[in-house]
Amino acid sequence: MRLTIFKKVLLLAALPLAFQLAFLMLLHQVEQVHARAGQNIAWSRDAIEQGGRLLHSAVVSELGASGYAITADPAFILPFQRSANESREVLDRLSKLVEGGHAQAGRAREIIASSQRLDQWSDEVRRLTRAGQVDAARRMVREGGGKIATDELRRHIDELVQIETAKLAANQATFARTGRQMNCILWGGGLTSLGGTLLLGIVLARSIRGGMETLVQNARALLSLEPMIPRKSDRNEFSEVDQTLRQMGQALRDADRKQREYTASLEREVAGRTNQLQQTNLALESQMQENELFGYSVSHDLRSPLVNLQGFSRELDLLSHDVMTMIADPRVPAEIQARVRETIEADMTKSIHFIQGAVTRLSGIIDALLRLSRAGRVEYQARSVDVQTIVTRVVETLDGTALQRGADISVGTLTPAYGDAQAIEQIFANLIGNALNYLDAARPGRIEIGCRESRVGDRPAITYYVGDNGKGISAQNKAKLFHSFKRFNPELAPGEGMGLLLVRRIVERHGGKIWIESEAEVGTTLFVQLPGAPTSASEPDTSPLIPNERNCVHGSSTAFDLVGGRR
Amino acid sequence: MEVQPLLILLAEDDDGHALLIQRNLERAGIANQIVRVSNGQEAIDFVHCQGRHATRNADRPLLLVLDINMPRLDGIEVLRQVKADESTTHIPVIMLTTTDDPREVQRCYELGCNVYVTKPVDYDAFVDAVRRLGMLLQIVKVPI
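Protein sequences appear in the order of chains A and B.
If you read the first sequence in the working numbering, its first letter stands for residue 1154, the second for the next number, and so on.
If you read the second sequence in the working numbering, its first letter stands for residue 251, the second for the next number, and so on.
Hints listed in this document are in silico derivations from the structure and should not be mistaken for laboratory results.
Just so it is clear, CB atoms sit at the ideal spot from N, CA and C, and this is done for glycine as well.
Keep in mind that a hint or two might mislead.
Short, incomplete list of chain A residues facing chain B, as computed with Cβ under 8 Å [as the list claims (entries may be wrong)]:
no., residue
1, H1453
2, R1456
3, S1457
4, G1464
5, F1465
6, L1469
7, S1473
So here's chain A without its partners, still in its complex pose (with noise of 0.2 Å):
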């Protein structure tokens, strides 16, 4: 049913309406036949009534002119004038019947007439008895003309009496068969009507109960972006609303998807850039890895011929030793021994020791850039490193020249971190040793490690410190500080200038960072941060040039301990 809401209420509302005004009409057409059967039935009444008293007067007035010429005593005139006026009145009424064109109007008139000849006869003879012409007038009662004009006239109103008897008897059929019709129509129009409404608004009810319910469900599938219930095929205003619902949700889900499309894409693009930005680090990483490989192979090409440098000039060493003793036998004139001695003494010891000493050094640039290029190709075994004990270990190492130097080592609460162990314990070496050479002879050393926690990103950082109140450095020294061969007081300290670069080279691979604060002769600080915690943005980087290398054994005296030599 195809009906809005709306046109349900007035239906509603017009239906009983119509019902009730049937009714009425039916009522009011039922009622007119009942009024008119009414009013025919008194009419009758009435009809029969007057003809009675119009029959009575007739007689009256006949006998009393009868009378009065017999025995010319007035007294019989006094019935017949009073009938008289009651005839006229009769005769009156009739005469409205034959001028409205009535049904019984022409026995009404022929009534009228036949009165009226009787009126004419008594006239007449009261006229010849008052005169005194009394034979005249019994001649004209023994005539009978008034009893012929009486008959006439009782003969016409009996016909008129039983004509509206049997009218009457009609009418009052109808009468009481159209009272019953009213009360039917009064009670049937009545029930109908309360029934249709009652119907209407049942079905009213469901139908918006229905529609309600859909709408209801729809809005809140609406709120959650969920499929919404098939349509039905009604057509009011619910389905308006739902179809208002819909095409919200239509456009809610547009919108979404739209979103949704919006965020891929930038997630999308983020990626891009992302794996750009990996694949810059990767070209990176393997070209600082290619860097170190070179390092690593040029170091080893440099050290075959040190070996040999160092070698002959121990061998120079060793010679000019055999020299001396060769010299020293007395055959050997004293002045060539004292010439060969001071030159061997003076001139060629002084020119081995230089040569020696920069094989030394050459030496140690070497070892120390090896030293870098594994640190950045050693493959790490990544987890939970108890800094605090390798921290322990680290200082416990250097009491020595802590004692030497009259420093105080002070280790706070160190917090685990999470990379290699070996590599982490090379930080802190490098870091405390560092430290502890740089400190200022003018006042006792100081020297504090600790450590705090922090957060980058969504993952867990902890940044160490080794601070001391050494000589510091300057503003500008800072930026060369992390750079290869730089050493800013080598008088202090044995060393090739690589620690620094050899930490920040770890801490790089751990992900971490490393910067310092320092202030000349004040003191300087060195900050370490290093993932507390793996995630895949910190895991540190354990892509291995070298695979198992902790597994090796290398060196030369750790492969001599292996058959027991020593040293």
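Go by the hints and put chain B onto chain A.
Same frame as chain A, now just chain B:
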């Protein structure tokens, strides 16, 4: 059966290194005969008594001291061939080289080298290493 004295085959392309090794072995009291070859192919020829070394006494027990970086065949290849051949796999091999690359060390041990020695630049350490080599040679028992 007479026990033949151990012959040391030194494969080293650097003349200086070879000389230093020989001198220091002698100083360390190693009196065994040392034969020096300067590339890997010659070392293989010597082991198999072929080419220039076809006439050598094949009965003498051998010990190989191999450098890694050599022309023609490198030390690692010599090691591989010696250890892969059943007739020569018993020969003890000492790798003596400037390379301390852990990959190389690992590879040499995997191929069956008995000892890996790095030539230190520091002369004292070098002498020490050669001296240890000498002691090692004294205690190595060579099957006859």
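Okay, the hints, checked on the actual structure:
Here the hint on A/H1453 is kept, as its CB sits about 6 Å from the closest CB of chain B, short of 8 Å. Given hint, A/R1456 at the interface with chain B, holds; its Cβ is 4 Å from that chain's nearest Cβ, closer than 8 Å. The beta carbon of A/S1457 comes within 5 Å of a beta carbon in chain B, closer than 8 Å, and the hint placing it at the interface holds. Contact between A/G1464 and chain B, as hinted, is supported at the beta carbon level, the nearest pair being about 4 Å apart and thus within 8 Å.
The interface hint given for A/F1465 is met, as the beta carbon of that residue sits about 6 Å from the closest beta carbon of chain B, less than 8 Å. The interface hint given for A/L1469 is violated, since its Cβ lies 11 Å from the closest Cβ of chain B, which is over the 8 Å cut-off. At its closest, the beta carbon of A/S1473 sits 15 Å from a beta carbon of chain B; the interface hint therefore is violated under the 8 Å criterion.
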